[in-house]
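Undergrad: Given the sequences, and given the hints that come with them, work out the whole structure.
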Amino acid sequence: MSAVAANAPGVSGRPVEGCEAQILADLKREFGPKLLEARVVRPRVAEVAIDRADLLALCHYLKEVAGYEHLGCISAVDWKDHFESVYHIENYATGCVVQLNARIPHDDPKIASVCPLWNAANYHEREAWDLMGIVYEGHPNLTRILLPEDFKFHPLRKDFPQEVDRQYISRRKLKGGK
Amino acid sequence: MPEFWINMGPQHPMTHGLWNMKVKVDGETITDARPEIGYLHRGVEKISEVREFQKVIVLTDRLCYVSSITWSHAYCLAVEKMMGVEVPERGQYLRVISLELQRIASHLMWLAAYGPDLGLLTVLLWSLRERELFLDLIQLLSGARMNQNYPRIGGVRNDMPENFEAMCKRSIEHFLEKLDHDYEKMLHESKIFHMRTQGVGKISAADAVNWGVTGPNLRACGVNVDVRRLDPYEVYEELDFEVQTWKGPDAGDSYSRFICRFNEMRESCKIVLEALAKMPKEGAYRTKPPRRGEGEGYARTEDSRGEALFYVCGDGDDRPYRVKIRSPIFCTMAATPIMLRGNKLADSVAILGSIDVCVGEIDK
Amino acid sequence: MSAPLVPSLFGACYILTGWIIWIIDQILYAIGFVIPPINDPLHALGGWLASPAVLTVITWLVMVLVMTIWAVLLNLLTMMWVERKTYSRLQDRYGIMISVWSLPLWPFSRRKDRPTHKGWGYLQNVADGMKLLQKENLVPASADSMMFNVAPAWIAGTTLMVFAALPWSSGLYVANLDLGILFILAAFSLAPLGILIAGWSANNKYTLVGGLRSAAMLMAYEIPLILVVIALVFTTGSLDPQVLVAQQERALTINGVVTPLPAWNIFGPQILGFVIFMVAIVAEMERIPFDLPEADAELVEGWTTELSGMRFGLVFGFKWLRMIAGAGLISILYLGGWSGPVFYTFYIGNVPIPIIPEEVWFMLRIYLLGIFFVLLSWAVPRVRIDQILNIGWKRLIPFALLAIVIAAAWQMLFNVG
Chain B
5 MSAVAANAPG
15 VSGRPVEGCE
25 AQILADLKRE
35 FGPKLLEARV
45 VRPRVAEVAI
55 DRADLLALCH
65 YLKEVAGYEH
75 LGCISAVDWK
85 DHFESVYHIE
95 NYATGCVVQL
105 NARIPHDDPK
115 IASVCPLWNA
125 ANYHEREAWD
135 LMGIVYEGHP
145 NLTRILLPED
155 FKFHPLRKDF
165 PQEVDRQYIS
175 RRKLKGGK
Chain Y
32 MPEFWINMGP
42 QHPMTHGLWN
52 MKVKVDGETI
62 TDARPEIGYL
72 HRGVEKISEV
82 REFQKVIVLT
92 DRLCYVSSIT
102 WSHAYCLAVE
112 KMMGVEVPER
122 GQYLRVISLE
132 LQRIASHLMW
142 LAAYGPDLGL
152 LTVLLWSLRE
162 RELFLDLIQL
172 LSGARMNQNY
182 PRIGGVRNDM
192 PENFEAMCKR
202 SIEHFLEKLD
212 HDYEKMLHES
222 KIFHMRTQGV
232 GKISAADAVN
242 WGVTGPNLRA
252 CGVNVDVRRL
262 DPYEVYEELD
272 FEVQTWKGPD
282 AGDSYSRFIC
292 RFNEMRESCK
302 IVLEALAKMP
312 KEGAYRTKPP
322 RRGEGEGYAR
332 TEDSRGEALF
342 YVCGDGDDRP
352 YRVKIRSPIF
362 CTMAATPIML
372 RGNKLADSVA
382 ILGSIDVCVG
392 EIDK
Chain P
51 MSAPLVPSLF
61 GACYILTGWI
71 IWIIDQILYA
81 IGFVIPPIND
91 PLHALGGWLA
101 SPAVLTVITW
111 LVMVLVMTIW
121 AVLLNLLTMM
131 WVERKTYSRL
141 QDRYGIMISV
151 WSLPLWPFSR
161 RKDRPTHKGW
171 GYLQNVADGM
181 KLLQKENLVP
191 ASADSMMFNV
201 APAWIAGTTL
211 MVFAALPWSS
221 GLYVANLDLG
231 ILFILAAFSL
241 APLGILIAGW
251 SANNKYTLVG
261 GLRSAAMLMA
271 YEIPLILVVI
281 ALVFTTGSLD
291 PQVLVAQQER
301 ALTINGVVTP
311 LPAWNIFGPQ
321 ILGFVIFMVA
331 IVAEMERIPF
341 DLPEADAELV
351 EGWTTELSGM
361 RFGLVFGFKW
371 LRMIAGAGLI
381 SILYLGGWSG
391 PVFYTFYIGN
401 VPIPIIPEEV
411 WFMLRIYLLG
421 IFFVLLSWAV
431 PRVRIDQILN
441 IGWKRLIPFA
451 LLAIVIAAAW
461 QMLFNVG
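Residue numbers (this note's numbering), protein chains in the order written: chain B, 5 to 182; chain Y, 32 to 395; chain P, 51 to 467.
Because the hints were derived from the structure by calculation, they are not lab data. Be a bit skeptical, because a hint or two may be false.
What the hints assert, rightly or not - Lysine to any residue pairs mimicking SDA-like chemistry, simulated, CA-CA at most 20 Å apart:
| # | chain 1 | residue 1 | chain 2 | residue 2 |
| --- | --- | --- | --- | --- |
| 1 | Y | 222 | P | 255 |
| 2 | P | 135 | Y | 160 |
| 3 | Y | 216 | Y | 293 |
| 4 | Y | 77 | B | 55 |
| 5 | B | 162 | Y | 352 |
| 6 | Y | 216 | P | 138 |
| 7 | B | 84 | B | 162 |
| 8 | Y | 112 | B | 103 |
| 9 | P | 255 | Y | 216 |
| 10 | Y | 209 | P | 141 |
| 11 | Y | 312 | Y | 216 |
| 12 | B | 114 | B | 177 |
| 13 | P | 181 | P | 366 |
| 14 | Y | 222 | P | 325 |
| 15 | B | 114 | B | 59 |
| 16 | Y | 216 | P | 366 |
| 17 | Y | 278 | Y | 264 |
| 18 | P | 255 | Y | 60 |
| 19 | B | 177 | Y | 352 |
As the list claims (entries may be wrong) - Sample of chain P residues lacking proximity to chain Y, with all beta carbon distances greater than 10 Å (derived):
| # | residue |
| --- | --- |
| 20 | 57 |
| 21 | 96 |
| 22 | 108 |
| 23 | 228 |
| 24 | 410 |
| 25 | 429 |
| 26 | 431 |
| 27 | 433 |
Glycine residues also receive a C-beta, built at the ideal position from the N, C-alpha and C atoms.
TA: Structure (structure tokens):
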């Protein structure tokens, strides 16, 4: 049920109880072995981790079948041994959010683009490419958005050095601890 | 005459911030548009990886400088979710009061910028005059008018002073009277204002949801979504306010966006008065959070402009590992070509002004 | 009845020119006295200068100068001051407050007990003008420099031309033409050409769009302006400003009943024409709500974007001069011009000085109309260009034609004399 129909009388704009458990059960039923991790974080938030190959199938299921029509955000995180493209997909009818962590190997930063499903992904994927260097295959216009067009680096990666002032390093770290 | 591209910005008196909008005009009609952002990119996400958790609040304040408490609050919520910190009730009420006051101030700043866009320069001075009331209240509460550094992880920075409640009630009463008299006559009853904003900049509800438009821009299309109601945080579940959705025909044009945002100011006043009444008289306003955090935290709030979303990762250090900021206007910017196509060049300011652009949050 | 302070500008300037020529003659004779060989030619020159023909020609030049000083130096500054103070009060603030106490000269030296910025603010416009004079005169490299220089001069010149035929009382005018109103409207309508030249020659997309918008708008609004003047001619039978005002000086009689109202043209079938004229003149003056050509919201400054320094100062300041001319035109056509009672006349020697002369009544009307235009401008948003053209072509012109029909019918039915 889409949010446009969510304005039909009877839908209040308030959250629905148990929606996060519901969607988790649905996803486990459809994609059981492909989910690397799946848990309920707190009311109205469910978290799922997958490999990058299953992204489009899961997103298609979420949008077309489960009615999750709002793509909140696409984040790119650089865990030093792999990248993660994190999707926060929201349902306007129930108020539930699914956090999708798609794991990407570090030496081959490519993943399918979800632009055909949600146009909101357009700018988010461009920003992830610009700052982190993850290539979204199938994106209509993957160019730099925040940084200048001829900038050569991807600054948000952990190997892009940053000037750190000495006084911001904690005493324990200076003495060699963690 | 052939079509040509006109640059509106980056140096332009009326685009409210440093961004560029290229419009392709055929005579007077816009055939295409391409926004260009990134002029104000300050690298907030990268800097916050080397600052301790509390020191990042100073950075998130300056993301959208017109509405700073709402951004710092969203960050604090995300970190609290990551660390598992629970904010005491008085602290939650204080947060709600400061958020709603900031929301009114932000909307008044939008109104002060929108009037001159259409040629109504008197509204600029009247809105800024009313905004002074709320900036004085925010200064009384937090010590500064802008970039207040007020929310903390685990609560707020300080308790409210003794005369705050009385001054708040007086200011809100004065403000509501001015809204009903002066602004109604200047804006709602002006035929020329209706001519300029009705039917202009239309976007359908399905398009808006697909492109990620949120906040008053989405509610103006008729979609009844407000994060304070749909996914309540703080004490919003206990407060009674009406979500301003456009219910009539002609949804999605500049006039409906204007009306939704204008009426939100009234609702915020109601929330503030109710919160002041329901607040626990004594109690802690802050708990001490742990110094280090590990895991992932995610929070979404209803910022003045839409849905602000923070995703914070920690790896056990006393600084965040990754802070991701999702700005509502970043996504609305992608939808502006749809709103602009087919309208006249003179309407471009009416449309771009009605979506309430604040460039600080787009460019991070 | 009304009486002018200056019964004849020509006469006054003739006397003034006589004095000036007399001073020049004395200087010439003194030089001739000192250097005897050229004494006779200088005497002949002095005599020729004092001859009536030469005096008349120089008097015309002096009249133009006096009228320019009167209109530009005194009335323009006052009208700008009135506008800035009025809209500031509408916006709940004090407005411009520079006064003579702000001048850094003796005896206006700054003291602790005398604040510098709490005055009336009249000198602010002078200060702004001087600031504009000191700015760098930029001409864009790719602009058509001859046309770029001509455009502000064209706008300023044609606006001043209006004041050659606009009388300020029954004596204070440069020239009284039989078709005075037609000349004034024609001079008014020459400025749009200057605007178009300014927009085109700056070689800039903003100015081009602004100039074209302005040309379209002004062309659309001149037609109803002239049509309602035609409607007026049905009742007045003349386009001479003196005749128009003289006709409005008596009391209004309806079917033989004398009313206490004066016979202004607004009280009668011309009321529709008055409304249309007001709307059209606001568009001609390019004021909000019709100031889209110069809209600073989207076109930076529209057709004046590339003008800097005094070029900008001229076109910007002369917008108010056009407002004075427009208000003057409205008061002559509809509001009785300069008619108004003289409450008392006292005599200096045998020169009569009326207490409230015609000039004061005229200026009262101009400034009251000016305040009305200012309050209208600053309380109302801008209308979009296609909506402006819509109003001009589709609403004003039919109503103007209706005004002509009403005037003709009234004239035929009642034959009001």
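Undergrad: A separate judgement is required for each hint: does it hold in the structure or not?
TA: Consistency of the hints with the structure:
For the given pair, residue 222 of chain Y sits about 31 Å from residue 255 of chain P by alpha-carbon distance, which is inconsistent with the 20 Å threshold. Note on residue 135 of chain P and residue 160 of chain Y: the hinted pairing holds, with a Cα-Cα distance of about 18 Å set against a maximum of 20 Å. Distance check on the hinted pair: residue 216 of chain Y and residue 293 of chain Y sit about 14 Å apart at the alpha-carbon level, within 20 Å; holds. Note on residue 77 of chain Y and residue 55 of chain B: the hinted pairing is violated, with a Cα-Cα distance of about 26 Å set against a maximum of 20 Å.
For the hint pairing residue 162 of chain B with residue 352 of chain Y, the CA-to-CA distance comes to about 10 Å; that is within 20 Å, so the pair holds. In summary, the hint linking residue 216 of chain Y to residue 138 of chain P is supported, as the alpha carbons are separated by about 19 Å, within the 20 Å threshold. The hinted pair formed by residue 84 of chain B and residue 162 of chain B meets the criterion: a straight-line CA distance of about 7 Å does not exceed 20 Å. Proximity of residue 112 of chain Y to residue 103 of chain B is assessed by CA-CA distance (about 14 Å); at most 20 Å being required, the pair is judged to hold.
A C-alpha spacing of about 36 Å is found between residue 255 of chain P and residue 216 of chain Y, which places the hinted pair above 20 Å, so the restraint is violated. The straight-line distance between the Cα atoms of residue 209 of chain Y and residue 141 of chain P is roughly 14 Å, inside the 20 Å bound, and the hint therefore holds. The straight-line distance between the Cα atoms of residue 312 of chain Y and residue 216 of chain Y is roughly 40 Å, outside the 20 Å bound, and the hint therefore fails. Taking the CA atoms of residue 114 of chain B and residue 177 of chain B, the gap is about 35 Å. The hint is violated against a cut of 20 Å.
Restraint check: the Cα-Cα separation between residue 181 of chain P and residue 366 of chain P comes to about 14 Å, which is no more than 20 Å; the hinted pair holds. For the suggested pair residue 222 of chain Y and residue 325 of chain P, the alpha carbons sit about 18 Å apart, so the restraint of at most 20 Å is met. Restraint check for residue 114 of chain B and residue 59 of chain B: satisfied, since their Cα atoms lie roughly 12 Å apart, inside the 20 Å limit. For the hint pairing residue 216 of chain Y with residue 366 of chain P, the CA-to-CA distance comes to about 30 Å; that exceeds 20 Å, so the pair is violated.
A distance of roughly 26 Å separates the Cα atoms of residue 278 of chain Y and residue 264 of chain Y; the hinted pair therefore is violated under the 20 Å criterion. Restraint check for residue 255 of chain P and residue 60 of chain Y: satisfied, since their Cα atoms lie roughly 15 Å apart, inside the 20 Å limit. Only pairs whose Cα atoms come within 20 Å are accepted, and residue 177 of chain B paired with residue 352 of chain Y is accepted, the gap being roughly 16 Å. Every beta carbon of chain Y lies more than 10 Å from that of residue 57 of chain P, the smallest distance being close to 44 Å; the non-interface claim holds.
Every CB of chain Y is more than 10 Å from the CB of residue 96 of chain P (nearest about 59 Å), matching its label as outside the interface. For residue 108 of chain P, the non-interface assignment is confirmed: its Cβ lies about 47 Å from the closest Cβ of chain Y, beyond the 10 Å cut-off. For residue 228 of chain P, the condition that its CB be more than 10 Å from all CB atoms of chain Y holds, with the nearest at approximately 40 Å. Here residue 410 of chain P stays apart from chain Y, with its beta-carbon at least about 31 Å from theirs, past the 10 Å limit.
For residue 429 of chain P, the requirement that its beta carbon stay farther than 10 Å from each beta carbon of chain Y is not met, with the minimum near 6 Å. Look at residue 431 of chain P: its CB is around 4 Å from the nearest CB on chain Y, not clear of 10 Å, so calling it non-interface is violated. At roughly 6 Å from the closest C-beta of chain Y, the C-beta of residue 433 of chain P falls inside 10 Å, breaking its exclusion from the interface.
When each numbered hint is compared with the structure, violations occur for hints 1, 4, 9, 11, 12, 16, 17, 25, 26, 27.
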